[in-house]
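In case you want the letters, here they are:
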Amino acid sequence: MATCLKRLRRFASIGRKGQEYSTTCDEPPKLQKSGKTVNLFTAINQALRIALETDPRAYVFGEDVSFGGVFRCTTGLVEQFGRNRVFNTPLCEQGIVGFGIGLAAMGNRAIAEIQFADYIYPAFDQLVNEAAKFRYRSGNQFNCGGLTIRSPYGAVGHGGHYHSQSPEAFFCHVPGLKVVIPRSPNQAKGLLLASIRDPNPVIFFEPKWLYRLAVEEVPEHDYMLPLSQAEVICHGNDITLVGWGAQLSIMEQACIDAEKDGISCELIDLKTLIPWDKETVEASVRKTGRLLVSHEAPVTGGFGAEISASIAERCFLRLEAPVARVCGLDTPFPLVFEPFFMPTKNKILDAIKATVNY
Amino acid sequence: MAALNQITSSSRSRFLKPLASFSSSQSLRRSFSSPADDTSVITVETSVPFTGHKIDPPSRTVETTPKELLGFFRDMAVMRRMEIAADSLYKAKLIRGFCHLYDGQEAVSVGMEAAITKKDCIITAYRDHCIFLGRGGTLLESFSELMGRQSGCSKGKGGSMHFYKKDSGFYGGHGIVGAQVPLGCGLAFAQKYSKDNTVTFAMYGDGAANQGQLFEALNMAALLDLPAILVCENNHYGMGTAEWRAAKSPAYYKRGDYVPGLKVDGMDAFAVKQACKFAKEYALQNGPIILEMDTYRYHGHSMSDPGSTYRTRDEISGVRQERDPIERIKKLILSHELATEKELKDAEKEVRKEVDDAIAQAKESPMPDPSELFTNVYLKGFGVEAFGADRKHLKAVLP
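Going line by line, the protein sequences match chains A and B.
Mapping to full-length UniProt numbering: the first sequence position 98 is 98, numbers consecutive.
Mapping to full-length UniProt numbering: the second sequence position 155 is 155, numbers consecutive.
Because the hints were derived from the structure by calculation, they are not lab data.
A couple of the hints might just be wrong.
[What the hints assert, rightly or not] To spell it out: a stretch of chain A is covered by chain B in this simulated footprint if at least three of its residues, at any positions, have a beta carbon under 8 Å from a beta carbon of chain B; those stretches are:
# : stretch
1 : 200-207
2 : 245-258
3 : 288-295
4 : 337-349
[To be verified] To be clear about the criterion: a stretch of chain A counts as covered by chain B if any three or more of its residues have a C-beta under 8 Å from a C-beta of chain B, and this derived list gives those stretches:
# : stretch
5 : 58-67
6 : 147-160
Just so you know, these numbers come straight off a predicted model, no measurement behind them.
The beta-carbon is built from N, C-alpha and C at its ideal position, and this holds for glycine as well.
Just need the whole structure built from these sequences, with the hints factored in.
Rendered as structure tokens:
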């Protein structure tokens, strides 16, 4: 428990450069400890570089990616791989995704970028009706598994209505797509490479708040992390907390505070939202008897609802309290009211206490 | 002729009125040597002739009055000052979020207003501060909205990208690129039903010109002969991507194919005025038309973009020297001896003061009340329940 907390504290110090810390209590043996300390956009950049190096038929494209992209995830790629493999598209999200599906259908790896997740909606039809159903409706003759869509999502402090949205729930409702969300640079590189190489279309949402803020040691070699496998970041006995992306660091703070009140929390990073790892979450809830889900997207119809319903179905008799969802409010993402809208540490802490004392 | 004067004087006075309330109202107009003359006609030639696509372009000769000329100068000076002040406010972190500045493109807004009425509708993307001013918005509303205060035009809930003004037909202020164009065609559809001889100007940029929804909307507008005028403000860069790298055919006025188009020098307020007047007459008779305004923005795409990584500083300063819209009007005023250099400089100083006063007043305005977070999600009365963290006690019904 004490060592677990020590590691938790180190993870919680996001932003302090040069500090060594790990994000897991039990480290998988294949990840080397050595590696440079980099931030999220550099880790993504490394992953893209490796993807382009290892597969000569991989392409990276999107709006403004040539000069490095608005978040610098694609810096240096066009210099290294040339304009034929890393190129700008015009301002057409529907075109970008449709184009990517076509490329992937011919066996290439299309890594498309949607500049902000808020802009993904013109491409919604292409993703839901074309990408997700291609393999199914052609009886496995064709598929667009080589398609990976990368998109920054989530609140950034001042993004307002159209630079802060979390649209993951819309895509989780579509069988045929995979949705992956990393929590840190180390995870991002491994998950992105796994997503690119996964033979199914994947939407990879990157938490934009963490592009510069999250700093971690990332091994320089090529490595992948398994999809559809949730990770228990920290073990506990009283309540299970499930989250993904930038929200995890907020939940971490709440866990530390709850520890002071004697509540031991088990924190799980879902990583892949569909198909999600029900077994890990169920096993944890069977141990603790309580569940809390937290995400930035509005609560009604958010992915927390799916987790809540599934766990209620599986662990009904074991649950000691209703599943708590601490999420964004049911309003459009506000401009000046962002601190009220967001599921902050105190809201989570309140919910932990209410659930434990139910 | 009289009708033209009526249009110009009414739009001028409505524009000047709200601004005049900040400084001593009369002194400004008396600052020029010749009175604001509404009757004597000055003939001006546009900088370049118009180029038409499937249409005969209008003539280069534009008639104007001293009052209009001086009005153009003042309005553009206010817009320029406002944008520059917004730049400083952003850097001082009083404006947060995203801020897309319009300096360099003022002639489009000012010229358009001179040709139309407040019953005509304008809808645009996120570079909307000056268009809002042109439609009759005040500096106070503008700065308050930028800083997210209650006295803002959208009550502080919209921010830089979402300025609206219902009573003068300004339908905003939209964040998603290209999404406002189908909306604009819808407005034109409603106008056709209302039979009140009004049109809609749906504005978009060279980046948005490649959006599929634009062509869908254009097709529908052409099928139904809607009074929709699509205005492409071509400032040659879609954020960081130059137009020749984004579009196979950067001749945006021709992209309508079966819809006629006109290419206009967007840095010349009189060319814009002539084109908009021509387009309005055309659209009321025949259906949609595309106007491409060849213009330029001095700032980057937004405040987070320095604007110099994809274009050279020489290019920017070159445009400033050769084609600046305010300088062109200044030269016309001086050549027709409507005011002296000193008077123009004094006018600029007064504008600066007005803008500073508006900023000071906007800073006094409070932030919106926290209960405003929940208002206007739906119309009042159709409430939705929202649970707080503990699910039992903290319940709110969204108004």
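message: Need the list of violated hint numbers for this structure, in ascending order.
response: Result: hints 1, 2 and 3 break, sorted rising.
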